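Got chain A; can you put chain B on it based on the hints?
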Amino acid sequence: MGYEAFSSDARGYNTVADPTRGLNLRLFQLGCLIALATIGGSTDLHAEAPAEPPRESGEHWAFVRPHRVSLPSVRQIGWVRTPVDLFVLHQLEASGLKPADPASRRTFIRRATLDLTGLPPSPSEVRMFLSDQNADAAGRLVERLLASPRYGERWGRHWLDVARYADSGGFETDLFFGHAWRYRDYVIRAMNADKPYDRFIREQIAGDALDGDHEAILATGLYTTGPVLQEAGMVTGKLEYDQATDAVDTTGSAFLGLTLGCARCHDHKYDPISQKDYFRLQAIFAASDQFDIQRGVRHPSGRAALNSTLEEFEIEQLKERARREINPEAQRETLRRIGSYAVRRNPALSARLKESKRYKTLSEIVRRHARAAEPSPAGAGGSLSGQTATGRDAIDLILLELGKKALEFDGKGSQPDAAHKALATEDERRQFLIEHGKKNLVLAKPPDLVEDEAGFLIGEGAKQIGLEGSEIPVRVLGMRERPLETRLLKRGELDHPGQIVEPGFPSKLDRGEAVARLPAKQWRVALADWIASKQNPLTARVLVNRIWQGHFGEGLVRTPNDFGLKGERPTHPELLDWLAVDFMEEGWSLKRLHRLIMLSSTYQMASAADSEILRRDPGNRLLTRFQPRRLEAEAIWDSLRFVSGMLRTEMFGLPVAPQLDDQEQIGNFLRWPASTPEEANRRGIYLLVRRSFRFPMLSAFDLPDNVASCARRDVTTIPNQALTLMNNRSIREQAGAFASHLLREAGTDPELLVTLAWERAYGRQVTALERQRAVDFLGSNEAFFEGAGDPMRQKVEALCLALFNTNEFIYAE
Amino acid sequence: MLNKQRSAIGRESSLPAGASEVMTRRHWISRVGCGMGAWALLDLLEREGRSEVLQSLSPRLESPLAAQAPHFPAKAKSVIFLMMAGGPSQMETFDPKPLLNTLHGQRMPESFGTILAQFTDVTRQPLLGCRLGFRECGQAGIPISEAFPALRGQADKLAVIRGCHHDAFNHSPAQYVLTTGQSRLGWPSVGAWITYGLGSEADNLPAMVVLAESDGKLKGGTPCWGNGFLPAIYQGSPIQSQGTPILYLNRQKGMTPKAQREILDFSRWLNLRHSERLASASNELDSRIASYELAFRMQTAAPDAVDIGKESDATRKLYGLEDEKARDFGTRCLIARRLVERGVRFVQVISGSGDSKDWDHHDDAYEGTLRQARKVDQPIAALLQDLEARGLLEQTLIVWSGEFGRTPTSQSATGRDHNPNGFTMWMAGGGIRGGQIVGATDELGLRAVADKVHIHDAHATILSLLGLDHRKLTYLFQGREQRLTDVGGDNDLAARLVSRVRGV
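So the sequences go chain by chain: A and B. Be aware that the first sequence starts at 1, since it is given in the working numbering, and climbs by one per residue. Be aware that the second sequence starts at 1, since it is given in the working numbering, and climbs by one per residue.
Read the hints as simulated data drawn from the structure, not as lab findings. Worth double-checking, as some hints may not be accurate.
[As the list claims (entries may be wrong)] Derived coverage of chain A by chain B (criterion: at least 3 residues anywhere in the stretch with Cβ under 8 Å from a Cβ of chain B; other residues may be distant):
no., stretch
1, 66–78
2, 107–116
3, 162–172
4, 229–235
5, 541–549
6, 562–570
7, 799–809
Treat the numbers as computed from the prediction; the structure is a model and nothing was measured. Glycine is no exception: its CB is placed at the ideal position from the N, C-alpha and C atoms.
So that you can see chain A by itself, here it is in the shape it has in the complex:
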């Protein structure tokens, strides 16, 4: 084996002094020139590899800046496609293990498509890929997927987990955030645009203070979408403390992979973060507050009122619906509802409407009695309320009715109402009402009388539609006039204040930045710069690890939100560092990172493994194979709709709230602003996320709780999942739609139908045995559903339901 000439040191990688380095490089470049050309950027990736930095003995690896490590040598160089493979293969060879065979091209396109877009490939996409004979077919596929708008929806969702995103504040009031979706949309756009990660960090932490893109301020939504205990406002300083706590904990987890929260009550038990360090970070946020940007205004116009915007949200929902509605009847009804909201929220309009109603009702009473008082042909007197009355009594009764009605319009708490209530006897009250009736006997017609209430409301609704912008203010981070004083709190308790703390970074990771000497409005900018810096040892590693995890299910560090001493050490430390340095040097591009990973042989391995491999590498820590994994809740939601043909791909905007019945809403204390069934077929990332009530279907599939940053979702197996996928009525709708699609395409040819079903659901050809079983299934004489209906259609629907309930459907392999 001539490749054994590539010597390496005991730690498994070449050092700068290695005389064979040049040779290694040349051969390496032969091996992966094409791949690197596809990835873009410099192919001279390691020419400047500096010497391994001296590591202080005992220094925790993650607190030392990653340095460019040399590429390790391997024997089986033909396997290597991107630098990733060198590190993986090197370790495999050192352990005497071999990588798994490459996955089939069908498996690869399904894996890659699910990974990058969260949707399975369509049959035509599969066919196109299989017929692409170019050497870089995989590269072209990855490019196409990265360019798809679906990419941002998929990877944006991953980021939203880390950002503990939700549309409400949780707790009893579950404060409704009508603004949260703007941050969600910002994240999706940033992902699709491949916004450099260092910029992405800066905008989220300090987008209000950065020059340039005025949309950057939306990124600070990261900090206006956290949990809010609204009642905390009753204790002085508690709301502010809660917000600063959430800000620091989220910042620490999301960007630094550190569990800073541990240091709030006492010095961190494991990591070198003192309680003082923790409060120094809180002091940075003590200069900031949440502000609202109102409609038509570019800049924050006032401190955020922590009010629920559920009603405003429902108005916006109706407005969207009205703009889209094509049925004139339905559109009038929607406009009428918008109009009633508008009128209710506008005192002048509601007064006008009330006056009109009062006038119409009261004058109608007078008119009716005037008619009734006319002598009837039979010659009897006027009849009123079933009594026969004449003269004075009859008039009193009319006046009484009028007085009562008028009092109703006056309303509770009005002056006449109070006067009426104050009267002691029944008789006095009766007399009062009669007098009140007299006063209302002759009414002046209001000059702007509303004759047709429905028409009026529809008109007002239409005006609302024409207005620019949204009722819902955008909530962003801004600066307080003066920073709040931050004190170290003993045991983290607000009522045990200690010394005053100045803003700053954790001393262990501080590089001498004197934040406290900067003007307060620069504090968050300084924090952002400190995190989004090549000097920060954690930032790039943490992100690279997140991306890796998104592709392999496990990160190189398997505790993605804990890079501290209690976290796991990386399985491939040099690979992590190499990727982190490359990531920073090449412009902090996520898409480049995806290419480096996905075009590697490592990513393209099959998932099959023999028992020897399973025994020696049970947890796949050495990456002997590709580990199949279950799709996340949203990807299951999306896949169902994609395969059924029901998925709506409109992007952005208000969250959708699929209709839920009473049982599905057990535990829900507040109104659920239900969308229409069509709206509900949007992608999972657009579903409403409430903190105090979890959407049942997503919850069954391990939706994170969105209270704290979630770096890795659980994958559990519970019978609720089986029940959900079998019996939830929306699954039946999707199965029905899938069946219609198949019947349209295949007619009544069961073999063709089965072939198409497999292609669509699994992206592969049906096997002969499967086809036979499926055709038998369709041919059985069983009635599947009671009641009328085409039996063939029913069976196809049942077949679709069965496919939705297979592991293959909800696994990426």
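Using the frame of chain A, we list chain B on its own:
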């Protein structure tokens, strides 16, 4: 299955080499216990003629809900947690305050200081005496107010803990404190912790069940029975006494049972082929296959568990089912008994949603307490009697508590504000010696003063009675071995509560 290691009390899940050769069904079951899924999978594999794969698969197939041995011998096997949402008044129920009646209408003496209540300033509001009569009940002479006439007959079963306290004075944070130990969101509920620690003995039912009010509303919402950062398998499953007991349990509308079986058989057939292809994930895949069988069997088991039509007329009457006011809570108490009989580990029965219609008596502490107690009194007394008669009381711990108590001072003339500084909880069954009172509030009922029991202590006590050490039941999250009791729970009352010797 779970990818996570069970950090604290996880058992060895891999077999010593060679052990599988003698693996038989009996061996296998004795190893994995009878948790959810285990039986189902076994049946399935046998039906599929794949019993040979059992030998290789079985060690990996241990359900995370398999019954687990406790840390030390347990007194109780299961818990029925009667959660009185809204915050019942201690003064109107189990903690009589004669001085309060004496000082009725006056300001609170300054020596009592102040507390933070939700709406009122307790230093300015007049004190409100209690109009309800108390009587010392049972041999032990436990004072119980006239709001609980039926429960008075069960006084010798109760251990009344009068010195409970915490510091969350609003409903939802306090409901989280009561159910999770933390006023913040995101923490596992006590039932989830217990299920994590002990697994389940219910074959075809969820390990933790929630019986909420029929309108389903609760101020704290689903986190009150959530899994927090624990895996989802430990979350509480709401069960309804009417209609479909478990969400999505019923077949699709119009689908025949036979059709469902055919669909399940067909997808299972596909799944088995798929899992053969993917040996590297077969653990997870096989457990998913088993979960379908379990779900299928739950369709029979769950309706059976809630079918109180099978109970005798006498039992139904005992639980107050003939009484319109008590029927709803009585039905749920009766279902709770049927569930613990079937091995369900933790049943959370909720009275009220936390608003003024139920236990949150800002306007009327007397009438409100009478009205609400009327709904739960007979059912709770019946539950205690019935469990005892069936020999289940010794192994079933009953816990009764609101999320906080109420102020001795008034609000809106005859109501009381929230007060987490002193309130009453009681426990019964589960090896507890009834007829004892632990701890005390001050003379007005404002604060716990003697033998104070923080919710962490109450949780430690509950775990202890189930054989779990609250310091050892941990789960690694955010870099820390988290506990239900956080850094508290040192005042574990279990030993005292079970002691046969009075006054210990």
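Any hints this thing doesn't respect? Which numbers, in order? Of the numbered hints, 1, 2, 5 do not hold.
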